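Student: If you want the building blocks of each chain, they are given just below.
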Amino acid sequence: MVETFTPAVCGSRSRQRLAIALFALAALVASAVLGATLGFVGSLVGTRPALIAAAALAFLAALREAGILRLPLPQSRRQVPERWQYERPLALWSAGYGAGLGLGFLTFQPVATFWVACAAALALGKPVAAAGCFALYGAGRAFMAVWPRHREPSGPAAVERLVGRASVVPRANAVVLGLAVVLLAVAPAAGAAVTSLGRGFDPAADGNTLARARMAAGTIKVLVVPPAPDPMDTVSPANSPTLSGNYLAYADDEGIKVIDWRNDTPVRELDGPYSHPALDYPRLAYIRDDGTYERLVLADDISKPNPDERIIASVRSAADLGRPTLRGGRLAWHRIDDGGSAIYLLNLATNDRRVIKRTNVWMEANPSVTSSRIVWVEQRPQGSYLRMQWFRSKHTKTLMQVRGRKTLFWTTALAGRTAYVTRWTPSTRKAVVLRVNF
Amino acid sequence: MPRPDGLLDAAARALSTRLASGMTRKSFLGRMGGAVLAATGGAAVAAAVRPAKSEAFHFCGHIWTTGSCPNPLGLPRIDKNGFPLRPSDGHRIDNLGRPVNSEGWAVDGSGNRLRSPDGEFLPRAPRTRLCEDWTNEHYKIGGVMQGAWYRCCNGQVRKLVDCCSHSRKRINGDASLTGYCFDGRRVFCVLYYDSGLKC
Chain B
6 MVETFTPAVC GSRSRQRLAI ALFALAALVA SAVLGATLGF VGSLVGTRPA LIAAAALAFL
66 AALREAGILR LPLPQSRRQV PERWQYERPL ALWSAGYGAG LGLGFLTFQP VATFWVACAA
126 ALALGKPVAA AGCFALYGAG RAFMAVWPRH REPSGPAAVE RLVGRASVVP RANAVVLGLA
186 VVLLAVAPAA GAAVTSLGRG FDPAADGNTL ARARMAAGTI KVLVVPPAPD PMDTVSPANS
246 PTLSGNYLAY ADDEGIKVID WRNDTPVREL DGPYSHPALD YPRLAYIRDD GTYERLVLAD
306 DISKPNPDER IIASVRSAAD LGRPTLRGGR LAWHRIDDGG SAIYLLNLAT NDRRVIKRTN
366 VWMEANPSVT SSRIVWVEQR PQGSYLRMQW FRSKHTKTLM QVRGRKTLFW TTALAGRTAY
426 VTRWTPSTRK AVVLRVNF
Chain Y
680 MPRPDGLLDA AARALSTRLA SGMTRKSFLG RMGGAVLAAT GGAAVAAAVR PAKSEAFHFC
740 GHIWTTGSCP NPLGLPRIDK NGFPLRPSDG HRIDNLGRPV NSEGWAVDGS GNRLRSPDGE
800 FLPRAPRTRL CEDWTNEHYK IGGVMQGAWY RCCNGQVRKL VDCCSHSRKR INGDASLTGY
860 CFDGRRVFCV LYYDSGLKC
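Top line first, the protein sequences correspond to chains B and Y. With this note's numbering, the residue at position 96 of the first sequence is 101, and numbering never jumps. With this note's numbering, the residue at position 172 of the second sequence is 851, and numbering never jumps.
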């Protein structure tokens, strides 16, 4: 490019400056668009695999740049089409060259770093941040079209000088890639890609179907959103949804109802002071509030006319058992009182009861389970944290956090490697459901 | 007549003395470090090393170096039983730093109970003692409130309280002092209680 952007090729010094400006702008825009696209795709597919891939790629690329490993690069072994500068207007060819080089993969790649950056942008899972980072790639392309001429008026001589120093580049690149491996490996919670799903609270998930409650004109309704092309279902008034296949359980003023949400067929009704259902059909757990005590009740088979019921936990009404969760033969709930809080897990097959987290200080609340994991919210004065733990491990991972006391996390849902959490602001009563891929 | 560089040195020495006499060693060194970075053009970096609140003078009445016990809002103000209060006005708060009413329910500025997104009242958050519960959960040191002394602060008598344990280390990470603790205990961290009595 140094040899191309000369007064001789462009026609005059002013046309040279115009060509460089257009080249730089197009390179910046093209690389930013590429970054945004990768970040967007990353936010859709989940970023944990992309993060691992980025670290592995950076490691391989560092070995390649250091000359330890010989690896071919996926690249288009072409340069920008030279004929453009003779056949097309200056504005078009200079911008076209910039866009082509800014996109990276359309031309020759001397080093492997570009592909590491692509994987890292995927792992970031944030289109705007990835666009900002990738714009630097375009800026680098533009910089290299101008800088070698800084002290060398002759384009070819500037290129010769640059080529003379080319041996330094792979070594420096290997060092930078080595640092990238370390940073990608230690990135805290970098695998969590967060997407806002819009207004709502109390999410419930089963597979790719998501239900949530939403306040509209003073009434709470439940929205069930299956994957496309199935239509959305709405139930009103209804609150505190829980999903299990085609079955939806929710609370209303009369108690708890279980329906087949695909055709709105009633399945079961429990009238009384019942709330916060948790459904893993045919099992149903719920909270019964008799005024003095709040009890967590488990009904073993609600397909029977008279299911067996047992009380799992009881607290005085000043304390709280919250919104239980039931999935994969496990029941989890929280207990909060003025002396502390805890998250409990009951294995229904073995009746083995376990404390996932207990504290005298913070507020541990609103768990959700699958057959292998549990997520819950930890609230501290400094902020809210979405925590996750494997049942086979005692290690707790933080999926995401919000700082401060103005906005906090509330109820959760979990399906596979996707967690959902309500984020709300008490002062404005605004609540949205976030999806967290980890 | 003193040389110009001597005058400059004297002025710098006087400035340093004035700075140092007005603050603790920690804050003095912190500010000097920040000034050096700022002088070398690193204003952004300088902001990052701005001296932290002085542990020695972190609240009125406490001039020694033992740090505050863990607390929700930055200063270890407690009621007579050791539960947290809002430092600015003494309103009772829960462990999340939210103002609460006499029954422990979180309330807004008008005293109304806070509600969750579905309109239900929020559950009560834990409200536990800063020494016996907070400090013990964080540091596992078996702390108890023991020694106390009194100072006049903002026109009222302030009771300064030691959270004592058998730990040989205090919250700062260095060796603990006996202070007003007894039964072989030493000061791990400090708290205060504003009595409301005029002085």
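It should be emphasised that the hints constitute simulated quantities derived from the structure, not laboratory data. You may find that some hints are simply not true.
Claimed, not checked - Calculated lysine to aspartate or glutamate pairs in the EDC-like style (CA-CA distance at most 20 Å, straight line):
hint: 1; chain 1: B; residue 1: Lys226; chain 2: Y; residue 2: Glu799
hint: 2; chain 1: B; residue 1: Lys226; chain 2: Y; residue 2: Asp797
hint: 3; chain 1: B; residue 1: Lys411; chain 2: Y; residue 2: Glu799
hint: 4; chain 1: B; residue 1: Lys399; chain 2: Y; residue 2: Asp797
hint: 5; chain 1: B; residue 1: Lys411; chain 2: Y; residue 2: Asp797
hint: 6; chain 1: B; residue 1: Lys362; chain 2: Y; residue 2: Asp787
hint: 7; chain 1: B; residue 1: Lys435; chain 2: Y; residue 2: Asp787
hint: 8; chain 1: B; residue 1: Lys399; chain 2: B; residue 2: Asp342
hint: 9; chain 1: B; residue 1: Lys262; chain 2: Y; residue 2: Asp797
If you're wondering where the values come from, they're calculated on a predicted model, not measured in any experiment.
Student: Give me the numbers of the hints this structure contradicts, sorted from smallest to largest.
Tutor: 4, 6 and 8
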